[in-house]
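J.: Following the hints, complete the assembly by docking chains B, C and D onto the known chain A.
Chains as they are written, first to last, in our numbering: chain A, 10 to 296; chain B, 10 to 296; chain C, 10 to 296; chain D, 10 to 296.
Treat the hints with care, as some may be off.
If chains are identical, the list can't say which one is meant, so a pair holds when it fits in one copy or spans any two.
Within a straight-line C-alpha distance of at most 20 angstroms, the following computed DMTMM-like cross-link-like pairs (lysine to aspartate or glutamate) qualify [as the list claims (entries may be wrong)]: (1) Lys170 x Glu190; (2) Lys160 x Asp194; (3) Lys264 x Glu173; (4) Lys108 x Asp260; (5) Lys291 x Glu222; (6) Lys108 x Asp278; (7) Lys27 x Glu124; (8) Lys264 x Glu65; (9) Lys264 x Glu78; (10) Lys55 x Asp260; (11) Lys264 x Glu124; (12) Lys55 x Asp256; (13) Lys291 x Asp52; (14) Lys27 x Asp278; (15) Lys264 x Asp248; (16) Lys291 x Asp260; (17) Lys264 x Asp56; (18) Lys55 x Glu65; (19) Lys108 x Asp248.
No wet-lab data here; the hints were simulated from the structure.
There are 4 protein chains.
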Amino acid sequence: MNNDAVTAVLLLSCPDQKGLVAAVSDFLYRNNGNITHADQHTDLEKDIFLQRVEWELADFAIRRDEIGEAFRPIAQRFHMTWSLHFSDHVSRMAVFVSKLPHCLYDLLARWRMGEFQVDIPLIISNHPDLRSIAEGFGLEYHCFPISPETKAAQEERTIEKLEEQRIDLIVLARYMQILGEGFVDRYLNRIINIHHSFLPAFAGARPYHQAHERGVKIIGATAHYVTPELDQGPIIEQDVVRVSHRDSVADLIRKGRDLEKVVLARAVDLHLRNRVVAYGNKTVVFD
Amino acid sequence: MNNDAVTAVLLLSCPDQKGLVAAVSDFLYRNNGNITHADQHTDLEKDIFLQRVEWELADFAIRRDEIGEAFRPIAQRFHMTWSLHFSDHVSRMAVFVSKLPHCLYDLLARWRMGEFQVDIPLIISNHPDLRSIAEGFGLEYHCFPISPETKAAQEERTIEKLEEQRIDLIVLARYMQILGEGFVDRYLNRIINIHHSFLPAFAGARPYHQAHERGVKIIGATAHYVTPELDQGPIIEQDVVRVSHRDSVADLIRKGRDLEKVVLARAVDLHLRNRVVAYGNKTVVFD
Amino acid sequence: MNNDAVTAVLLLSCPDQKGLVAAVSDFLYRNNGNITHADQHTDLEKDIFLQRVEWELADFAIRRDEIGEAFRPIAQRFHMTWSLHFSDHVSRMAVFVSKLPHCLYDLLARWRMGEFQVDIPLIISNHPDLRSIAEGFGLEYHCFPISPETKAAQEERTIEKLEEQRIDLIVLARYMQILGEGFVDRYLNRIINIHHSFLPAFAGARPYHQAHERGVKIIGATAHYVTPELDQGPIIEQDVVRVSHRDSVADLIRKGRDLEKVVLARAVDLHLRNRVVAYGNKTVVFD
Amino acid sequence: MNNDAVTAVLLLSCPDQKGLVAAVSDFLYRNNGNITHADQHTDLEKDIFLQRVEWELADFAIRRDEIGEAFRPIAQRFHMTWSLHFSDHVSRMAVFVSKLPHCLYDLLARWRMGEFQVDIPLIISNHPDLRSIAEGFGLEYHCFPISPETKAAQEERTIEKLEEQRIDLIVLARYMQILGEGFVDRYLNRIINIHHSFLPAFAGARPYHQAHERGVKIIGATAHYVTPELDQGPIIEQDVVRVSHRDSVADLIRKGRDLEKVVLARAVDLHLRNRVVAYGNKTVVFD
Numbered sequence: 010m011n012n013d014a015v016t017a018v019l020l021l022s023c024p025d026q027k028g029l030v031a032a033v034s035d036f037l038y039r040n041n042g043n044i045t046h047a048d049q050h051t052d053l054e055k056d057i058f059l060q061r062v063e064w065e066l067a068d069f070a071i072r073r074d075e076i077g078e079a080f081r082p083i084a085q086r087f088h089m090t091w092s093l094h095f096s097d098h099v100s101r102m103a104v105f106v107s108k109l110p111h112c113l114y115d116l117l118a119r120w121r122m123g124e125f126q127v128d129i130p131l132i133i134s135n136h137p138d139l140r141s142i143a144e145g146f147g148l149e150y151h152c153f154p155i156s157p158e159t160k161a162a163q164e165e166r167t168i169e170k171l172e173e174q175r176i177d178l179i180v181l182a183r184y185m186q187i188l189g190e191g192f193v194d195r196y197l198n199r200i201i202n203i204h205h206s207f208l209p210a211f212a213g214a215r216p217y218h219q220a221h222e223r224g225v226k227i228i229g230a231t232a233h234y235v236t237p238e239l240d241q242g243p244i245i246e247q248d249v250v251r252v253s254h255r256d257s258v259a260d261l262i263r264k265g266r267d268l269e270k271v272v273l274a275r276a277v278d279l280h281l282r283n284r285v286v287a288y289g290n291k292t293v294v295f296d
Numbered sequence: 010m011n012n013d014a015v016t017a018v019l020l021l022s023c024p025d026q027k028g029l030v031a032a033v034s035d036f037l038y039r040n041n042g043n044i045t046h047a048d049q050h051t052d053l054e055k056d057i058f059l060q061r062v063e064w065e066l067a068d069f070a071i072r073r074d075e076i077g078e079a080f081r082p083i084a085q086r087f088h089m090t091w092s093l094h095f096s097d098h099v100s101r102m103a104v105f106v107s108k109l110p111h112c113l114y115d116l117l118a119r120w121r122m123g124e125f126q127v128d129i130p131l132i133i134s135n136h137p138d139l140r141s142i143a144e145g146f147g148l149e150y151h152c153f154p155i156s157p158e159t160k161a162a163q164e165e166r167t168i169e170k171l172e173e174q175r176i177d178l179i180v181l182a183r184y185m186q187i188l189g190e191g192f193v194d195r196y197l198n199r200i201i202n203i204h205h206s207f208l209p210a211f212a213g214a215r216p217y218h219q220a221h222e223r224g225v226k227i228i229g230a231t232a233h234y235v236t237p238e239l240d241q242g243p244i245i246e247q248d249v250v251r252v253s254h255r256d257s258v259a260d261l262i263r264k265g266r267d268l269e270k271v272v273l274a275r276a277v278d279l280h281l282r283n284r285v286v287a288y289g290n291k292t293v294v295f296d
Numbered sequence: 010m011n012n013d014a015v016t017a018v019l020l021l022s023c024p025d026q027k028g029l030v031a032a033v034s035d036f037l038y039r040n041n042g043n044i045t046h047a048d049q050h051t052d053l054e055k056d057i058f059l060q061r062v063e064w065e066l067a068d069f070a071i072r073r074d075e076i077g078e079a080f081r082p083i084a085q086r087f088h089m090t091w092s093l094h095f096s097d098h099v100s101r102m103a104v105f106v107s108k109l110p111h112c113l114y115d116l117l118a119r120w121r122m123g124e125f126q127v128d129i130p131l132i133i134s135n136h137p138d139l140r141s142i143a144e145g146f147g148l149e150y151h152c153f154p155i156s157p158e159t160k161a162a163q164e165e166r167t168i169e170k171l172e173e174q175r176i177d178l179i180v181l182a183r184y185m186q187i188l189g190e191g192f193v194d195r196y197l198n199r200i201i202n203i204h205h206s207f208l209p210a211f212a213g214a215r216p217y218h219q220a221h222e223r224g225v226k227i228i229g230a231t232a233h234y235v236t237p238e239l240d241q242g243p244i245i246e247q248d249v250v251r252v253s254h255r256d257s258v259a260d261l262i263r264k265g266r267d268l269e270k271v272v273l274a275r276a277v278d279l280h281l282r283n284r285v286v287a288y289g290n291k292t293v294v295f296d
Numbered sequence: 010m011n012n013d014a015v016t017a018v019l020l021l022s023c024p025d026q027k028g029l030v031a032a033v034s035d036f037l038y039r040n041n042g043n044i045t046h047a048d049q050h051t052d053l054e055k056d057i058f059l060q061r062v063e064w065e066l067a068d069f070a071i072r073r074d075e076i077g078e079a080f081r082p083i084a085q086r087f088h089m090t091w092s093l094h095f096s097d098h099v100s101r102m103a104v105f106v107s108k109l110p111h112c113l114y115d116l117l118a119r120w121r122m123g124e125f126q127v128d129i130p131l132i133i134s135n136h137p138d139l140r141s142i143a144e145g146f147g148l149e150y151h152c153f154p155i156s157p158e159t160k161a162a163q164e165e166r167t168i169e170k171l172e173e174q175r176i177d178l179i180v181l182a183r184y185m186q187i188l189g190e191g192f193v194d195r196y197l198n199r200i201i202n203i204h205h206s207f208l209p210a211f212a213g214a215r216p217y218h219q220a221h222e223r224g225v226k227i228i229g230a231t232a233h234y235v236t237p238e239l240d241q242g243p244i245i246e247q248d249v250v251r252v253s254h255r256d257s258v259a260d261l262i263r264k265g266r267d268l269e270k271v272v273l274a275r276a277v278d279l280h281l282r283n284r285v286v287a288y289g290n291k292t293v294v295f296d
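Only chain A is shown next, with the shape it has when bound in the complex (with noise of 0.2 angstroms):
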């Protein structure tokens, strides 16, 4: 395989059901599909399959616009919530940020050395104070300052902006503000948050002040895509670092934001590479 042939990415969960791993795989091998990755997991609580497949398309039968029609009478067989994405898709990513710069500074690096297959149009904030970053890396800063009063509609400008931009995804890069439901709901699994905490330990507030109060060993942090419960949605990815009496809250801090920069990292890396499955509060990561 060469490293760069475009493939195709079929990710899909469907209630649990004799055939459906033949089904899927007769239809690439009819196809002259070369498959370069494929995983699959059964939850077997709640009877739901889940795939990801990937394919080469150089010698596929089917033209990359019709492979979704092709598809679909299996998809509709078999009841399947499905999607379909092409690896040099470049998606479109906003990052919200308040007043910590550690996250922004890391994705926008990462960006830019070509980590990421990705645009970033626009850097969204409720604080001025990131502004001479993100134009430093030659990206847009949109202020939305946010107040009880003008919540609704700093959001309702914001998605207007997110639109006008065709955002896929948005990462929330340590923004301290809560998205409204609507937002999210528009958005689903496609927030990106980074709590820094274990989740579900300390969830809330000051999480590092939490942990030092409770004399913890490990600290950790947690990305997750965001749902209208605050702390609750799908976990990606989870890191954690031993700690002890001798660090103090501002050490945890300290500590806290490699976790916080990496994990936030990964998870964006895993999504934009169409790795994760999100089904009810919980993921399938394919790595």
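T.: Only chains B, C and D this time, still in chain A's reference frame:
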């Protein structure tokens, strides 16, 4: 230093003050103490100073049974809470179990291999299930079944046994009963429990089921001193292991068992080597 | 799915070709196979395809003793190396030890608790030291002391014992002898060794001393299949633990013991659940 | 303690002797030193004592520019190697790079965010590629291309630049040149390199390719002081991440980048906060 040389260990905590370190080190120096380990910590929020210092007894100018008396004036001057230990002391440990054997097996194998410098005069349980394991290691097994009605009386009988055997340390090796407040107070900071989650996440019952339901990507285990408030005692040690959507509840339980036994054993080892000082709801682990 | 349902597991590897996945999934579908686990991997450098597929036997259209025969034509068409396993099979495992008991204790406790679905007909050693442990668990202990002169003859006697007992899997639980090439070839990919370092770091003797001398901040352990080249076999599992300047060689050994026993047990478990395929000097672990 | 209070830090090592701790703590106590951190270590094999002690300057009886003089008699009496640092000192750091930008981006972002208390007067490279990044952060970028013929002369020119800028610390942020022995000696224990493997595993070139070829299940990164012997210098920090057969070399490189930048940053941070003492080929990290 001869690794087998007998040492004295002083563990102390007190309000932070100038001259503390100088006073302790001067006491040891004047009496020809050869320090083999010293570590200290200042809790800057609570202004508490904690120290562990270990020195060889061989050339020390004060006889071992007079060290406490000699040190007392310094302790009083600085309002210390302190304890003195000797490295050749063999602690007396009781293990409490219910039905799950993995931590018990692990502790007994370590004891038999000489990993722990400890005597284990008895195993206590609220179920008969693990009797044959205890007896296979040549240990007494006392079964005190507990119901809401009998609990108080059974705890009294248990305490009698513990006192009869002059028990220093109680290890709850997946003991599925909540100890009464009087019991806990009597053995404060001398009861170590293993909780099968990364506390404070999934406190309470069936944490692996909770973890699976929540879809976390990492699970943990927590060894802590028991306090009257359930799952709130000072944490001694924690560790984690990565899991994925592929892991069923049974897999989490299986992976968790290894965490539990290792984390519990580390905590017991740290306690026995006089490396832990609990204060408030926290510990300092002088590792 | 009933968790106790008997399943069949097919492990296969072959040159990568189109139609492979379709052929296998079609075989199962046509015969009414209810797939409970499927995973696959393509080694793109060596163009090798590897797959694990597991399905319930209950409703399968082919009798279990005829499945191999029925599958053979597919295997031949794709030039597969393959093996077929049944989840109710009880493997027969021999444990080889020298003088260190921690891995032996751990394996035997797991076996006794039912963690491993395995029979352990005998323990083999080149030293008499651990006899009482084996016998405490009711197991035969055969001591074959080895010197350069007796090595070949003792290995023959050992092989006789292993064949007599129809041993499937040999676990070297800190066995401090190098097996002869003929021995290794006879049990290729059926001998699991635990090396007490993070291979390839500190291959050879006294790795903890080497690690201490080098001043590393992390130590590890490695479970691998034994090949004629020492410490070079396919790695099944590794894990690490953080250490510091505070840790003496004795501390590294102590911390390492826990790594060794857990890493070895994980590798044995993966092997017994037919999760590992070795090819070349690597493994695919279908976890 | 006021977190912003200026402190003095004493780092020392010397042959282990009685009275050392007492002498140092007495010196501080007599001069009204309020100790905020103290840690010590005895290398029992080499009989070397190492200590870090930090105290507030505010009420200290000796003026900051006279502390060294006042401490000298104690240092001489115990044959100490020692250094004195002040927490408000701003180190001057040069970053050396070649073509890979991830560590450079990360270090510069941390510097800009104030994570490091440091000035970065210049970036040095043997390639022009990363000039725009340096300049985007407003930094001088000096390109000294190196061939076997020009190496000695280019190192001299480099040293001139470093001296001109009074550089305290050199960070090799994936700098792909081996420094000459004279260069290394001049900045002994003041050059930090990041090696993209878990040393001593995979020393030398292309470690991710080596790791993939070997089929390891964990990869790592190592930050160390540079010594004339390649990849043999005292290790400051290491960390690892789990990988699997699913990871291609490209995946290892991608995962490794995050390790490299975090491990390097931790080492730089520890050095800048005067937490590291190198002795022989090891470090003591007073964390």
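J.: Which numbered hints does this structure break?
T.: 3, 6, 7, 8, 9, 14, 17 and 19
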